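Colleague: Sequence lines, in order, name chains Y and D.
One point on numbering: in the UniProt record's numbering, the residue at position 149 of the first sequence is 149, and numbering is uninterrupted.
One point on numbering: in the UniProt record's numbering, the residue at position 441 of the second sequence is 441, and numbering is uninterrupted.
Errors might be hidden in some of the hints.
Note: identical chains are not told apart, hence a pair may lie in one copy or across any two.
Said to hold, decoys possible - SDA-like, lysine to any residue: derived pairs with alpha carbons at most 20 Å apart: (1) Lys432 x Pro475; (2) Lys432 x Ile465; (3) Lys377 x Trp330; (4) Lys276 x Lys432; (5) Lys448 x Gln112; (6) Lys369 x Trp332; (7) Lys163 x Ile206; (8) Lys262 x Ala370; (9) Lys396 x Gly272; (10) Lys369 x Glu104.
It should be emphasised that the hints constitute simulated quantities derived from the structure, not laboratory data.
In this text, all values refer to a predicted model and were calculated from it rather than measured experimentally.
Number of protein chains: 2
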Amino acid sequence: MESSSKPSSRKSLMLGNFVHSQTPDELKFFLDAAIAVDERGKIVGIDDDSADVHTAKKQLLCRLRWHEHDVDVYSCKRGQFFFPGFIDTHVHASQYPIVGVFGESTLIHWLQTYVFPCEERFSDEKVAQQVYTACVQRTLAHGTTTAAYYTTTHVAATNLLAKICFHLGQRAFIGRVCMDRDGDLSPECLRDPSSQEALSRTSKVIEFIDDLDPDYDLVSPILTPRFALSCTPKAMDGLSKMHCKLHLPIQTHISENPLEIKDVADMYPNAGSYAKVYDTYGLLTPKTILGHSVHLSEGEARLIRERKSKVSHCPCSNSALGSGEARVRWLWDRDIDVGLGTDMSGGYSPSILEAARQAVLVSRHLAMKAPDEETRKKVNLSVAQVLYLATRGGAKVVGLEDKVGGFEVGKDWDAQLVGLHVVGDHKEGRHKDHGNVDLFEWDLCNWKDIVAKWMYNGDDRNTKIVWVKGRQVHPRPC
Amino acid sequence: MESSSKPSSRKSLMLGNFVHSQTPDELKFFLDAAIAVDERGKIVGIDDDSADVHTAKKQLLCRLRWHEHDVDVYSCKRGQFFFPGFIDTHVHASQYPIVGVFGESTLIHWLQTYVFPCEERFSDEKVAQQVYTACVQRTLAHGTTTAAYYTTTHVAATNLLAKICFHLGQRAFIGRVCMDRDGDLSPECLRDPSSQEALSRTSKVIEFIDDLDPDYDLVSPILTPRFALSCTPKAMDGLSKMHCKLHLPIQTHISENPLEIKDVADMYPNAGSYAKVYDTYGLLTPKTILGHSVHLSEGEARLIRERKSKVSHCPCSNSALGSGEARVRWLWDRDIDVGLGTDMSGGYSPSILEAARQAVLVSRHLAMKAPDEETRKKVNLSVAQVLYLATRGGAKVVGLEDKVGGFEVGKDWDAQLVGLHVVGDHKEGRHKDHGNVDLFEWDLCNWKDIVAKWMYNGDDRNTKIVWVKGRQVHPRPC
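If we strip away everything but chain Y, and leave its shape as in the complex, we get (with noise of 0.2 Å):
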């Protein structure tokens, strides 16, 4: 497999209609733009007041002394659109055999029937590269250019999915489980056999990774206690030591379901609060990702705001597991940045776009209850505020803001070409599965619609190319 640290080794130039987050409530388009992505994969040039897409690409052209040979050119059809690749900051890639799988369970029982006996098979390094594999192509297929992965407690079938993502060319940021705690939450078969080896195995994948990447240009570690429930005081305190070694980041789950808040209660019967347990380790930090947040108080919204840590919103994982309606607007309100989780296979969809619209619904829910207009319509999320939370907002989340979630010249170009179906178009090709989306000529005009359809009915047969750092990444050029 050829490198993919090594970004596409040509200048590219993308030209027509580009779309992202300007703020979290609105989207900016673009039209007849042209964007120019170097050879290291960064945007260096933008042209966006330009009449029409010709004088654009000529301008930024000359602008920047390119020649047109030297330079591929990606230009949109209609019915096409740029927008900035998305950002899972919460997905179990171990987990990816079950989704879909619940019975009629809720987390606790979930864990046990479902997930630890699938975690297990990850013993077997050809089970992991198959399932990796898989995952990573399957989320990069949906145009997730960023993933923060949870694995299992092994450390080869860690290290693989590492070298998964690095070669498939897919930003990630790659976390063994610790889980280290007797009992339920940590069956024998899976569970670190003490907090010591719980660090080592963990200091074996970051060796791993420091020697495929030592720059993390595309892959990371991350520090990752499963839970409050399956780690020890020990291993905990032990991964706050090398977050503040190694600046690491961190991922773990917070407050995702009213029975495992209780048990966390009966767990730390000190602490004083779920997010407390975290912060009495060291875990809440700047660089801390806290998966659900779904029944934070305004004490623990207050602390988790003091530290600066994050929140990944996992609206698909919270209403198939029936765990709760998190308040995306509520943690807004509260200053802490929010992005999406994909969370599979709590989440039954490897789709951060299917993530954005259960994030529009589960804010419908919420609003559902609120005691007056005004607070009706402050609840609900926008597409423009879901999308928002799928690319700049994950960003954030995943302390990339300087260098990925939009178009701004020195980003890098993560980025995903959309394209939806133009009733009346492609005569030639009517036979060709072109997706759900269907534009009809007065659509056309309205770019606010068109994003909306495609947000409420897209899939991942609309996105036609991912690219990372300037790289094409899906389909994969032959």
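Mind docking chain D on chain Y? Use the hints.
Modeller: Just chain D now, kept in the frame of chain Y:
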């Protein structure tokens, strides 16, 4: 176009795995079985107790005295199964162009801002031809073999939809909407100019369908007072009389959104309830489909039960428009039949599989509020239950329970072949798009999980072939 009332002219033999709803709570799996379908599209034999599919086939052919060379054979591959066609009990064909376009609205505002301007376009038959063709092809592709359609007030456009369904082979109820009441909810350009004209236009559509498909074998008219807010008592009364004379089914909306309910109470101050408005004008009958029914009172449920009217649950719509969370279990407990509706474009998706998925999720949101574990478990809908709603439940709602919804001798072959991707298969065609569901080798013996994976992550790519009355309607035979 070939007439589709004419069924497939050859006998067919379906071989392999069959799944259907045995009861509302239970799926039945017949593996290595065979089903014989005659030239009229009727199931004439089932062999589900042989040791293998080869024996099943041989025995069935022998029992029916059929010769193999007279028969078209369809065999399941790995990861494939036959499933009953979906029944969409509530769908606005005319709103297909605006699926996913909501802005920040709820029901009434959305009707005025998006729906009515869209429906106005159907005075142009060219628009109707384009939109209705796209809509029927799209719903067929998603496995919808029967649909209860709302159109607009336009007669010519409505007749066109009947013709398109008939020729493309979809079983359909065609409902020209009646809206003859002055006011914001019947804008002038759409309004029937008088109640008399509303009834006479309705008769014109009935006459057209009487000519097209005299026995309503595939396409039937359905009387469609849009909803209490846009109809006069005179029109409702007239439609009720037509129902009594012609025994045609009726469809309308009820109790979707709190504001709408308030408006109905204001408009009909003496009625006593929304359901009683319809009852007063003779519209609650055993052949009445009530869309939504989100906020029904105990008294309304009792009345609906007494009248034996049916309910179309539209979860995608109710969540997207923030209308509320319909209580399927509550309706079942009150002995009311329930089916699923996409309610495009209140619902954002043409897919009944998506409606099934959202029915699960909406039930989870309801369950979150349950006072105890027992209630929670009861409120939660299972995969089996929502697939029942999508097939057999829907068949009851549209009054076709003797014809479709499951695999029994005497029923019509309205079915879909579902195909899921087995990781590692299709080596040669690995660049083909197999959809989002990945089965692993170890999944293949667990049919409950296979169906769950499809329900949670499947889409139209997994619907490989669709038949109505034994005729292949998707992909269309060349």
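Colleague: Now look at each hint and say whether the structure bears it out.
Modeller: Taking the hints in turn, this is what the structure says about them:
{"no.": "1", "hint": "Lys432 x Pro475", "in the structure": "both (16 Å within a copy, 11 Å between copies)"}
{"no.": "2", "hint": "Lys432 x Ile465", "in the structure": "both (17 Å within a copy, 15 Å between copies)"}
{"no.": "3", "hint": "Lys377 x Trp330", "in the structure": "within (13 Å within a copy, 29 Å between copies)"}
{"no.": "4", "hint": "Lys276 x Lys432", "in the structure": "neither (54 Å within a copy, 50 Å between copies)"}
{"no.": "5", "hint": "Lys448 x Gln112", "in the structure": "between (44 Å within a copy, 18 Å between copies)"}
{"no.": "6", "hint": "Lys369 x Trp332", "in the structure": "within (19 Å within a copy, 24 Å between copies)"}
{"no.": "7", "hint": "Lys163 x Ile206", "in the structure": "within (12 Å within a copy, 65 Å between copies)"}
{"no.": "8", "hint": "Lys262 x Ala370", "in the structure": "between (27 Å within a copy, 18 Å between copies)"}
{"no.": "9", "hint": "Lys396 x Gly272", "in the structure": "neither (28 Å within a copy, 54 Å between copies)"}
{"no.": "10", "hint": "Lys369 x Glu104", "in the structure": "between (26 Å within a copy, 17 Å between copies)"}
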